[in-house]
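Q: Protein chains in written order, with our numbering: chain A, 1 to 247; chain B, 1 to 242.
Worth flagging that the hints you see were computed from the coordinates, not collected in a lab.
Using N, Cα and C, we set each Cβ at its ideal position, and we do this for glycine too.
Keep in mind that a hint or two might mislead.
[Said to hold, decoys possible] Label pairs and their in silico Cβ distance ranges:
1) B:G27 - A:F194: 50 to 58 Å
2) B:I115 - A:I45: 36 to 44 Å
3) A:K20 - B:F134: 24 to 32 Å
4) B:F134 - A:M152: 55 to 63 Å
5) A:K99 - B:E57: 45 to 53 Å
6) B:F134 - A:V156: 54 to 62 Å
7) B:S166 - A:A145: 23 to 31 Å
8) B:K18 - A:M244: 57 to 65 Å
9) B:L93 - A:I187: 52 to 60 Å
10) A:E86 - B:S166: 48 to 56 Å
11) B:L171 - A:R2: 31 to 39 Å
[Claimed, not checked] Calculated pairs, DSSO-like style, for lysine-lysine (alpha carbon to alpha carbon, straight line, at most 27 Å):
12) A:K29 - B:K45
13) A:K29 - B:K157
14) A:K25 - B:K132
15) B:K73 - A:K23
16) A:K23 - B:K132
17) B:K181 - A:K20
[Said to hold, decoys possible] Under 8 Å between C-beta atoms, here's a sample of chain B residues computed to sit facing chain A:
18) V48
19) L50
20) K78
21) M82
22) F90
23) P102
24) R104
25) M105
26) W109
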Amino acid sequence: MRFFQHFGGYLLFLSTVFSKPEKWKILWKQIIIEANNIGVGSFNIISLISGFTGAVSTIQIGYQLVSGLVPEYLIGRIVRDSNILEFSPTITCLVLAGKVGSNISSEIGTMKVTEQVDALEIMGVNSSSYVALAKIIAGFFTIPALVVYAMMLSLVGGAISGHLSGIISVEYFVKGLRSDFEAYSVIFCMVKAFTFAFLITSVSSYQGYRTEGGALEVGESSTKAVVYSCMAIIFFDYIISQLMLFR
Amino acid sequence: MIEVKNINKTFGEKHVLKNISASFENGKCNFIIGASGGGKSVLMKCMVGLLTPETGEITFDKRDFVSMDYYQKKDVRKEIGMLFQGTALFDSLNVEDNVAFPLRMFTNWSEEEIIERVNFCLSRVNLSNVNKLFPSNISGGQKKRVGIARAIALQPKYLFCDEPNSGLDPLTSRVIDYLIKEITEEYDICTIINTHDMKSLFEIGDNIAFIYQGQKWWEGNKEGIRDSGNEEFLSFMIASEF
Chain A
1 MRFFQHFGGY
11 LLFLSTVFSK
21 PEKWKILWKQ
31 IIIEANNIGV
41 GSFNIISLIS
51 GFTGAVSTIQ
61 IGYQLVSGLV
71 PEYLIGRIVR
81 DSNILEFSPT
91 ITCLVLAGKV
101 GSNISSEIGT
111 MKVTEQVDAL
121 EIMGVNSSSY
131 VALAKIIAGF
141 FTIPALVVYA
151 MMLSLVGGAI
161 SGHLSGIISV
171 EYFVKGLRSD
181 FEAYSVIFCM
191 VKAFTFAFLI
201 TSVSSYQGYR
211 TEGGALEVGE
221 SSTKAVVYSC
231 MAIIFFDYII
241 SQLMLFR
Chain B
1 MIEVKNINKT
11 FGEKHVLKNI
21 SASFENGKCN
31 FIIGASGGGK
41 SVLMKCMVGL
51 LTPETGEITF
61 DKRDFVSMDY
71 YQKKDVRKEI
81 GMLFQGTALF
91 DSLNVEDNVA
101 FPLRMFTNWS
111 EEEIIERVNF
121 CLSRVNLSNV
131 NKLFPSNISG
141 GQKKRVGIAR
151 AIALQPKYLF
161 CDEPNSGLDP
171 LTSRVIDYLI
181 KEITEEYDIC
191 TIINTHDMKS
201 LFEIGDNIAF
211 IYQGQKWWEG
221 NKEGIRDSGN
231 EEFLSFMIAS
241 EF
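Can you build the whole structure from these sequences, using the hints too?
A: The following block contains the structure:
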């Protein structure tokens, strides 16, 4: 019952967020600032995580394919598919749910408990749209860009770790990356990235906006934002995989 | 002029405002006083539209605010300025951008005109050289002044002040009080001040409404306090150690 209550509240929140902004110029400025916070602010952590994800997946796949019957270049192919289809979009977005989601929720939650949201309302500003719309739009474009970057870096990380550990040469790894490549897997990855980006920013904004109380409640909202965003990502990961990979 | 008629507000089983009626005049500092938890903040929130009363009328110069739709309320809200207890300045914006916020949002002025107006409002509240500072870098008294500057930026007809002196030293409190009084008289604003600071009331108060346990117990001016004959009101005055 509570789930439906929250889901209804979330939909109502979205209906007020996606209304005509007061001033397009102000919205545009906010989008640039938020894109910088989300995109540039997450660049280092995404670099670190995606590079190592690719590296570790190469080592683990190499460890499992120690057989003379399996061509070496298959390691590259499996690393490519696993990173494009799953690791890059899902792990990147789970990490961003923690970093960006908690940030969005605590920022809006603090605005709520310190009456800044009330100040917006009294001025005649649509507060939910003002505090959330720019974040959702900025996240919708920067998070998929980070996923593309993570995708590329994970393959580079995989090639480097394969070479350094002597599992597979760079030449064979690249051969594996090129073999039977289907552009559809990138489309699948991007569909996931855009969906997850929307979920992270909108769920976190909603959690922040419904904060009431003080510092303790801001912390609670922040935790809930991360937990619910991660749950939504995992759930939609399954739904999108089912719909797009087994048509 | 703002009038409230027969306002009732409940939260679940709790009847917070019971049939409250009062009127607040232009060019005067109208005080709503009462003990904490008495319902004065709820009354103010109903008046500015943050809460909706179950019954009753709130009229801004004969325009019934409660029955208005979202867009009509929005137009009235552009005529309202509010000074919050905790100032509610936007943390992510500096002082200049805080004061400029309603101007950028609701006017088509050029950036030069906006900055000119911002500087005027800041000078009106006796602040200078703080334009580029963030709220976290200024004192409590300065924050209140910036809050007032933001509230008057759009030349409001109605100014609401929620506990304007809370957390301030007596000297700064007095400065803020007189600033509110000056602005009210100069621009003929209908100012409503929500407080339990009796010193403020005796310094600048014109009209007074005393709210106790969700009901209006007394209404008048400060000259009439002694003769009010209202026991609850007088004991509140005595308890405030004025």
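Q: Next step is simple, just say for each hint if it's right about the structure.
A: Hint check results:
At roughly 56 Å, the beta carbons of B:G27 and A:F194 sit within the given window of 50 to 58 Å. At about 38 Å, the beta-carbon gap between B:I115 and A:I45 stays in the expected band of 36 to 44 Å. Separated by about 30 Å at the C-beta atoms, A:K20 and B:F134 satisfy the suggested range of 24 to 32 Å. Separated by about 38 Å at the C-beta atoms, B:F134 and A:M152 break the suggested range of 55 to 63 Å.
For the pair A:K99 and B:E57, the beta carbons lie near 49 Å from each other, so the given range of 45 to 53 Å is met. As the Cβ distance of B:F134 to A:V156 is approximately 40 Å, the hint placing it in 54 to 62 Å is violated. Restraint check, B:S166 to A:A145: a C-beta distance of roughly 46 Å breaks the suggested window 23 to 31 Å. A hinted range of 57 to 65 Å for the beta carbons of B:K18 and A:M244 is consistent with their spacing of about 60 Å.
Checked against the given bound of 52 to 60 Å, the beta carbons of B:L93 and A:I187, roughly 40 Å apart, lie outside it. Roughly 54 Å separates the CB atoms of A:E86 and B:S166, a value that falls within the hinted 48 to 56 Å. The hinted window of 31 to 39 Å between B:L171 and A:R2 is violated, with their beta carbons roughly 51 Å apart. Between the alpha carbons of A:K29 and B:K45 the distance comes to roughly 31 Å, so the proposed pair goes past 27 Å and is violated.
Proposed proximity of A:K29 and B:K157 is contradicted: the alpha carbons are some 30 Å apart, above 27 Å. Between A:K25 and B:K132 the alpha-carbon distance is near 21 Å, which keeps this suggested pair within the 27 Å criterion. This hinted pair checks out: B:K73 and A:K23 have alpha carbons roughly 18 Å apart, not beyond 27 Å. Simply put, A:K23 and B:K132 have alpha-carbon atoms about 23 Å apart, close enough for the 27 Å limit, and the pair holds.
Restraint check: the Cα-Cα separation between B:K181 and A:K20 comes to about 38 Å, which exceeds 27 Å; the hinted pair is violated. At about 5 Å, the closest approach between the beta carbon of B:V48 and any beta carbon in chain A falls short of 8 Å, and the interface hint on this residue holds. The interface hint given for B:L50 is met, as the beta carbon of that residue sits about 6 Å from the closest beta carbon of chain A, less than 8 Å. About 5 Å separates the beta-carbon of B:K78 from the nearest beta-carbon of chain A, less than 8 Å, and the hint is met.
Restraint check, B:M82 versus chain A: the minimum CB separation of about 5 Å is within 8 Å; hint holds. Given hint, B:F90 at the interface with chain A, holds; its Cβ is 6 Å from that chain's nearest Cβ, closer than 8 Å. Given hint, B:P102 at the interface with chain A, holds; its Cβ is 5 Å from that chain's nearest Cβ, closer than 8 Å. The restraint placing B:R104 at the interface with chain A holds, with a minimum CB-CB distance near 6 Å, inside the 8 Å limit.
Below 8 Å, beta-carbon pairs count as interface contacts, and B:M105 has one with chain A at about 5 Å; its hint therefore holds. Look at B:W109: its Cβ only gets to about 12 Å from chain A, farther than 8 Å, so that hint breaks.
Of the numbered hints given earlier, the model fails hints 4, 6, 7, 9, 11, 12, 13, 17 and 26; all others are met.
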